[in-house]
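From first to last, the protein sequence lines stand for chains A and B. Numbering of the first sequence is given in numbering that gives the first Met the number 0, commencing with residue 0 and proceeding in unit increments. Numbering of the second sequence is given in numbering that gives the first Met the number 0, commencing with residue 0 and proceeding in unit increments.
Since the hints were derived computationally from the structure, they do not count as laboratory data. Remember, it's a predicted structure, so these values are computed and weren't measured experimentally. The beta-carbon is built from N, C-alpha and C at its ideal position, and this holds for glycine as well. Among these hints, one or two may not hold up.
Said to hold, decoys possible - Listed next, with one range per pair, are the computed distances between beta-carbon atoms:
id, chain 1, residue 1, chain 2, residue 2, range
1, B, R172, A, I260, 46 to 54 Å
2, A, G262, B, G258, 52 to 60 Å
3, B, F182, A, S168, 29 to 37 Å
Said to hold, decoys possible - From the structure, some residues in chain B lie toward chain A, with a derived Cβ separation under 8 Å:
id, residue
4, V28
5, S29
6, G44
7, V120
8, L123
9, A246
10, E253
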Amino acid sequence: MANVSLAADRYETYAYRIFDGIYRLGAFLLPIGVLVILWEASVRFGIADGTILPAPSTVVARGIGLAFGGEGGGVLFSHIATSLYRALAAFGLAILVAIPLGFALGLSQTLFLWVSPLISILLPLPAVAWTPVMLVAFGQGDATIITVCFLGAVFPVLYSTIQGVRSVSRESIWVVRSMGASRFDIFLRVLLPASLPTLMSGLKLGMAHSWRTLVAAEMLAALSLGLGYMIFAARSYMDVATMFVGIVCLAVIGMLIEHGIFGPIEKRTIRKWHGSSKMGGDA
Amino acid sequence: MTYPVAAKADDMRSRFNLPLSMSVIRPVVSIGAPLLLWEAAVRLGWIDAFLFPAPSAIAATMWRQTWPDGDLLLHAGRSLYRLLAGMALAIVIGTAVGIAIGMTRWGRAIFKPIISAFMPVPTLAWTPILLLAIGIDDRTTIVVVFIAASFEVIYNIVSGVEMMSRKVFWVARSMGASPSQIFWKVILPGVTPYLITGAKLGTGYAWRALIAAEMLAASSYGLGFMIYDASEYMTMEVIYGGIALIAVLGYFIENVLLGRIEAATVEKWGIQVER
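Only chain A is shown next, with the shape it has when bound in the complex (with noise of 0.2 Å):
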């Protein structure tokens, strides 16, 4: 009997999470959906300018063609692949720079001391700022845009390292080397876990603002591919259609990016290493 009251409870908040689920989605997509016919409707009726607001329908025709059209078909997902290859590589050089001198950083206080208003100073700068210096220096290109992400992804993974580096109390890594753990120990098992919380969602914000700093690097440097590149380019031939296409897949790609691996890691890590949600829900 309570086996079967409870397997008719468990049935029945399953079948209401997927109706609420439903619902949720619904409420969701409403409102974007009157707004796309609204739109579709002003341009089809004129009373928006389709050659400077194109319809909804004439951005998804744009964009399968671009994607899988006929002549220069394809073409979409090469320029998609070139701005993918370009943030991650500036967030890998900037992981690979922001995290070493950020342990050191947070674990010394004397250096952080001396060193932390010339990075406060360095902080509110737009990365894009140096744009013109990598052009006069490196010319259009990769290495140019490469860079300039770097320099936007470098700065919120090396203040999160920080941050969470100093959160760790000195008790706690006292007691583990008073009890003679190494100081290989103590990196692997008291600091990095300690620290995971903050550091995974600077990650996170590394790469949002890699990702962010390429669309201004592609306009400004690029040469031939690219999603901010198209865009750009576009301009000439006042192909506002293409401009929107560029404009969905930045917004897609940075939202998969964000909540479809940064979302599941962050999760899993801090549940593993963790096991309550309160660390990591402000972190």
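Please build the complex by placing chain B on the supplied structure of chain A, with the hints as guidance.
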């Protein structure tokens, strides 16, 4: 977790007991030492003086550009004007949308999905479209500033409204306040500290976006335009000087100007902004 009393005592000690305290020495050394090293490296011929002109040369160029026949002040002034105009738009519209989301069901239902659809778009991706729709004009850069700042303003206003106690509304209503009175005398003062925090964070994003937008979309003035234009003539001194000015102005606006306002109001009203 901060201990205000201890922090204050620490602050007092560092401020009053030592004539030249470490809190002054450290930033000077931290920023000055790399500049001195740079200067020395150029003078001794260790690094390329064209790509890395000496800080003294940069300072000299910036000085010449400022007065009497340079445009530096015009560039900086135009950038600040665009920032201010865009921020004013973002604060007015962002507050209205934020309160609509926080207070009403329809506001939440309509704006939340639309905002979460637009938020992942990198702000600067709108620039080419704005260029076509508006043209090379101050309005293009102002709209970019507005887009960059408004999400942060809206987010903070919404959390401000959600933090407000329902009892405040009950009290106001039971004493016969009209909806407009509730809006102007209850909601608006209640969300002001959150608005200040949102404006501070938003200004940080907006400043970054503005510089990039000026590189793409400004025709004559603005710090972003100045450094991009200088890269075509390869005048490295102007580029580095512009970058330094952008960094200093950005730091000053975000941390000193708005940081002071934030600290003063939060302390005065005793409100903790939780994020």
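Verification of the hints:
1. R172(B) / I260(A): 46 to 54 Å: 47 Å, holds
2. G262(A) / G258(B): 52 to 60 Å: The hinted range 52 to 60 Å is violated for G262(A) and G258(B), with Cβ atoms some 32 Å apart.
3. F182(B) / S168(A): 29 to 37 Å: 46 Å, violated
4. V28: Hint on V28(B): holds, closest Cβ of chain A at ~7 Å, below 8 Å.
5. S29: 4 Å, holds
6. G44: Since the shortest Cβ distance to chain A is 18 Å, the answer is violated.
7. V120: Since chain A brings a Cβ to about 4 Å from V120(B), closer than 8 Å, the hint holds.
8. L123: 4 Å, holds
9. A246: Since chain A brings a Cβ to about 4 Å from A246(B), closer than 8 Å, the hint holds.
10. E253: At about 5 Å, which falls below the 8 Å cut-off, the nearest Cβ of chain A leaves the hint on E253(B) intact, so it holds.
Consistency with the previously given hints fails for numbers 2, 3, 6, ordered from lowest to highest.
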